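S.K.: Line by line, the protein sequences are chains A and B.
The opening position of the first sequence corresponds to residue 1 in this note's numbering, with each subsequent residue numbered one higher.
The opening position of the second sequence corresponds to residue 368 in this note's numbering, with each subsequent residue numbered one higher.
Worth flagging that the hints you see were computed from the coordinates, not collected in a lab.
Only part of the chain A face toward chain B is listed, based on derived beta-carbon distances under 7 Å:
hint, residue
1, Asn-59
2, Thr-62
3, Val-65
4, Ser-90
5, Lys-129
6, Trp-303
Mimicking EDC-like on lysine to aspartate or glutamate, the simulated pairs with C-alpha atoms at most 20 Å apart in a straight line are:
hint, chain 1, residue 1, chain 2, residue 2
7, B, Lys-682, A, Asp-246
8, B, Lys-672, A, Asp-300
9, B, Lys-682, A, Glu-248
10, B, Lys-682, B, Asp-717
11, A, Lys-305, B, Asp-619
12, B, Lys-672, A, Glu-248
13, A, Lys-305, B, Glu-615
14, A, Lys-155, B, Glu-381
15, A, Lys-155, A, Asp-145
16, B, Lys-394, B, Glu-412
17, B, Lys-701, A, Glu-14
18, A, Lys-338, A, Glu-320
19, B, Lys-672, A, Asp-252
20, A, Lys-315, B, Asp-613
21, B, Lys-672, A, Asp-246
22, A, Lys-305, B, Glu-651
23, A, Lys-305, B, Asp-667
24, A, Lys-315, B, Glu-615
25, A, Lys-305, B, Asp-613
26, B, Lys-522, A, Glu-14
27, A, Lys-334, B, Glu-381
28, B, Lys-672, A, Glu-284
29, B, Lys-485, B, Asp-512
Just a sample of chain A residues kept apart from chain B, beta carbon distances all over 10 Å, derived:
hint, residue
30, Gly-41
31, His-146
32, Leu-255
33, Lys-334
34, Leu-344
Source: prediction; values computed, not measured.
Think of the CB as a built atom: it goes at the ideal place given N, C-alpha and C, for glycine as much as any other residue.
Number of protein chains: 2
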Amino acid sequence: MADKANGNGKGNVERPARLIDVARRAKVSRATAARALGGYGFVGEQTRKRVAAAARELNYSTNVVARSMRAGTTQTIGVVVADISNSFFSYATRAIIDTAAQAGYQTLVLNTDDDLAKEIDAVRLLIEKRVDGLIVVPSSATSFDHLVLNDDLAKPLVLLDRSVIGLGVASACTDDRGGAKAAIELFLERGHVRIALLLATAAAHGAETSQPEGVVSTVRERAAGALEALAANGAPEPIIRYSRSDLEASRDAALELLRQRPRPTAILATNEEMALGVLAACGELGLTIGKEVSLISFDDSPWAKVIAPAMSVIKRPVYELGSAAVTALIRQIKGHGKSGRIELPTQLIDRMSVADVHKQQVKRPAI
Amino acid sequence: MADKANGNGKGNVERPARLIDVARRAKVSRATAARALGGYGFVGEQTRKRVAAAARELNYSTNVVARSMRAGTTQTIGVVVADISNSFFSYATRAIIDTAAQAGYQTLVLNTDDDLAKEIDAVRLLIEKRVDGLIVVPSSATSFDHLVLNDDLAKPLVLLDRSVIGLGVASACTDDRGGAKAAIELFLERGHVRIALLLATAAAHGAETSQPEGVVSTVRERAAGALEALAANGAPEPIIRYSRSDLEASRDAALELLRQRPRPTAILATNEEMALGVLAACGELGLTIGKEVSLISFDDSPWAKVIAPAMSVIKRPVYELGSAAVTALIRQIKGHGKSGRIELPTQLIDRMSVADVHKQQVKRPAI
DNA sequence: GTGAAAGCGCTAACAG
DNA sequence: CTGTTAGCGCTTTCAC
Chain A
1 MADKANGNGK GNVERPARLI DVARRAKVSR ATAARALGGY GFVGEQTRKR VAAAARELNY
61 STNVVARSMR AGTTQTIGVV VADISNSFFS YATRAIIDTA AQAGYQTLVL NTDDDLAKEI
121 DAVRLLIEKR VDGLIVVPSS ATSFDHLVLN DDLAKPLVLL DRSVIGLGVA SACTDDRGGA
181 KAAIELFLER GHVRIALLLA TAAAHGAETS QPEGVVSTVR ERAAGALEAL AANGAPEPII
241 RYSRSDLEAS RDAALELLRQ RPRPTAILAT NEEMALGVLA ACGELGLTIG KEVSLISFDD
301 SPWAKVIAPA MSVIKRPVYE LGSAAVTALI RQIKGHGKSG RIELPTQLID RMSVADVHKQ
361 QVKRPAI
Chain B
368 MADKANGNGK GNVERPARLI DVARRAKVSR ATAARALGGY GFVGEQTRKR VAAAARELNY
428 STNVVARSMR AGTTQTIGVV VADISNSFFS YATRAIIDTA AQAGYQTLVL NTDDDLAKEI
488 DAVRLLIEKR VDGLIVVPSS ATSFDHLVLN DDLAKPLVLL DRSVIGLGVA SACTDDRGGA
548 KAAIELFLER GHVRIALLLA TAAAHGAETS QPEGVVSTVR ERAAGALEAL AANGAPEPII
608 RYSRSDLEAS RDAALELLRQ RPRPTAILAT NEEMALGVLA ACGELGLTIG KEVSLISFDD
668 SPWAKVIAPA MSVIKRPVYE LGSAAVTALI RQIKGHGKSG RIELPTQLID RMSVADVHKQ
728 QVKRPAI
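Go ahead and model the full structure; you've got the sequences and the hints to work with.
M.R.: Shown next as structure tokens:
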């Protein structure tokens, strides 16, 4: 049906058809073809159909690169994230991709492993690719020169999940402080006194530790919230342990925590990996979650509600978070002004992993 | 330090500096500036330094869009995946992004929810964006016209995780058949006779069911492998149940399975969601995994080894899979020829979720 | 309604 | 070693 020759009778090289090929075939000018295809301006009904037909016959596909060059906009956003295989980030990224797509933007995803050098490269690359805006999960709360681009290159930017001190940039976060508070209060209500905090440091995928401080704002907020709640209730200081965000490290950290005497009876884990570490450690030590050891973790996941006992969590609106970030970003891109800090609420879901110490005495496994 | 005016003394609009601005400032031609910056061709040491300095002063950032247009290559690949928040895909995507980045390619990620229409749009979009190659997880084993592009638009393509019948295209898969076989053989060895298969259909995120057949090649292979192993050992036919890939659906399906009389004693779950469904159902029914119900699931995950009892799984080399797909793709992009079907081995990891029926009699919970 | 033509910013082929 | 120049494919005034 369609003869492949695109303009020049030869048709041996088979380059994709260009607008001009379509125009020639429809016997109109490039301008008219563009208008017809783009559905703007005034074009005769006849002409429009001829152009459409020609395009179909030639298997025309708009060269968006050329369009971007002309238009100065790429309809592409960049997402710079620590590790997309991490469940929180993958879910947030899902939301970002969806929301962006709906608004006509595609998404370029880059991983940094929370490595500042990689983050800097990633941002430079995206700027070179002339993305229309960036969503960044900043690896460092203090180094951000690479984010405040010289104005002529500046791109709309929204920080995700973490914020950065002293940088007037839009961000989409959750109320981590409040979440931690709620968790601690539940522990306290249930009579726990020896409470431990298992705090995640950089979500390094490899073994790098180039993180200047290692603890991102999110985790700091969680720790602060916990401390506040403890202090407000006159409870003793918690036992604190840090761990890299991988199972091995977090298990070791949890093991240390649980070997202390007197042993902490409740642990707040700042993310899924930390929680998994506690589970692993309890398994090794023969300790039962929800009995000897109580546990609350940040972030809900499918497995959390299904294991025995179901794990109590501080759930964050992850999808909404990603979505909100994109919405804010696109507002900026469109010049509708930039939003400040967006903070979404967290929600404590109490399942079965927090024991009530008051009733603990009686609780021997029934014969 | 750097004066922002880019060429024209005015400097009020602050457009990003272009190559020509750098050239002017360094008092050379564009060609020379390009050579100096690009580090190719012959450029005098002096000149090179002057250009580099000028670029720095003007805060020059190469406009990659223009370069792409000129070069006809975007250094970008597209990944079309059912749902990046799914742990398998997110991990594979992680591998893809990493491997591609190492080779100098960035990655555009699109979700399809296993919806063919979205997949078609996604591919069209990526072609329009002139990506250098695509990695696609095809949602349908039979509709793939959108993948066999008319030659002039054809792009290097590698299928991931699933294959498509009668399409001569490169693919990177795992030995799902073998994995299923191994799992069934373990069940059989341990004396299980009433074996059930919980098979996942489309990984729909929403509620769509536009999947023509609903069961992708991967799952079909797993079912086939299981059936083969059963037949080869003269074991009875398995009980088969299908389920959408979400927790609710899979729990319901597992519930149905477990309410059959006689109840199946062993279940092979074709993915994480199915396994979670079994866990949920067992919880509701008060059945103990590794005792009354044995379970093996495809794909390992951090939680699988940490829950009690630890779950036996068929582990697939997910990272390697993504990596292999990119390697094959880049080979194609570079014109080094296209690879056929890559098939990576699976590995059965037996943990604690498969009971030995022979010893079952005695196994009453010890007092 | 339609066409002619000017660029977007870069690179590479060709001169010097 | 360095400069000149011709496009890559598209959109969009501005004429007609």
